[in-house]
Structures are given as C-alpha cells and as structure tokens.
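S.K.: Sequence:
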Amino acid sequence: MGKEIASKRRLGIMGGTFDPIHYGHLVAAEGARHAFNLEKVVFIPAGNPPHKPGYIVAEPSVRYKMTCLAIASNPFFCSSAMEVERPGPSYTVDTVRKMAHLYPEKRIYFITGADAILEIFSWKDSQILLTMCNFVATTRPGYCLKELNKRFDSMPKGVKQNISFMEVPALAISSTDIRQRVHEGKPIKYLLPEPVEDYILRNNLYR
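So in the working numbering, spot 6 of the sequence shown is number 1220, and the numbers just go up one at a time.
Read the hints as simulated data drawn from the structure, not as lab findings. Bear in mind that the values here come from a model prediction, so they are computed numbers and not experimental data. The reader is advised that the hints may include incorrect statements.
[Unchecked claim] Here are the in silico distance ranges between beta carbons for each label pair:
#1 R1223 <-> S1340: 22 to 30 Å
#2 A1295 <-> L1415: 18 to 26 Å
#3 L1316 <-> A1286: 28 to 36 Å
#4 I1342 <-> R1223: 20 to 28 Å
#5 K1400 <-> S1287: 20 to 28 Å
#6 K1400 <-> V1373: 39 to 47 Å
#7 S1378 <-> I1342: 17 to 25 Å
For every residue, glycine included, the Cβ atom is placed at its ideal position computed from N, Cα and C.
Take the sequences, apply the hints, and build the full model.
M.R.: Here's what the structure looks like:
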C-alpha cells in the first residue's frame, strides 16, 4: 500500500522533438515509470525547440499526432500538446513550471537522455529548473555510466541529488536515422510502432 501511495505522487514527463517518436523513446519512458514508481508518463512533443533550429522536419501538429499513435496502447502513457500550442521557443523550465501548477500534489520526474543532461547548464533558467523537479538521465548507446558519474562529480551536491541515471537496453535507434531511411526508401518496420510507420508512409513524411 505504501508503495502504491508513493507512486501516485510521482508524475513523469517525457520531452523531445519526437521527429518521429520511436521504440527507444518508449522503452526509456516505460523503464523510468517502473524504476521510479511513476503513476503516469506524459509525453510532451516540443513545439519550437531552441536547441535544434532548422533540424525539425515534421510540423508540430504532425509530431504530436505520431506521439499519440505511439502511446495509445499503454494505459500509463498520455500526451500533452502544451508545447505544440505555445507560441515561441519551447523551454523545459516553462513546461515544468506549467505542469507543477497543474499538478501541485505531484513530484515531477523529467526523463531525458544523459547526453542532454550534460548540457543542462546551457538551458534557460537551469539553476531554477534543477530545484523544480527530479531528472532521470537515460543512457543511450555509446555512453558509459561510470564516465557520466565522473563528469557529474563537479556539480553541486544539491543539484546531483535531483539527477538519477538509468540504464536502458542499447537500442541503436534514432529519429535522424529513421528519417534518412524513409528518404532513401529503406524499411523502418520494427524501429517504431506500426501505427506511426503507417502514418509516416501514408502521409509521405520525410520523403
């Protein structure tokens, strides 16, 4: 009972461009949900990410649709269009602040790649952000937890205690590779959920 109550006080946020969303994102989110007893994981596609100018291929509404299709079969996953609908750049601190306002009784866990966490001090209002929520840094292929922990040793103690590392299966899947494969007419089956694959092909995305 205690574990169940604790889990209802924790809410995960999975942010990303999701251009397109794939199994790597879903595996990371489900792993974090289980490891940190998260009641739900909310997928929030970035509207206009400031760190990726010119790299976004699909329109925000299209990426949001693909995200909804990808998570439809998991009752612990849901989506939000708050960044897609928000004008201007999509900053993580604004999203976390909004979620904290909507769910004041929840402790928020922001799920992202460990490589992104290493750049967190370049994010808008990073010092404030690091006090607003916990971070789950998921390892991707090519990253070593031992090396990451060493690089985090220089961080203030109050910052480090809000960051947790989580190993995920080494799925060498990337949105960039998927877009390239579609462009070259190569198969993308088994890299992402079938409804997302069908949507991409039916709408001639990434051609």
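S.K.: Hint compliance check: list the failing hint numbers for this structure, sorted ascending.
M.R.: 3
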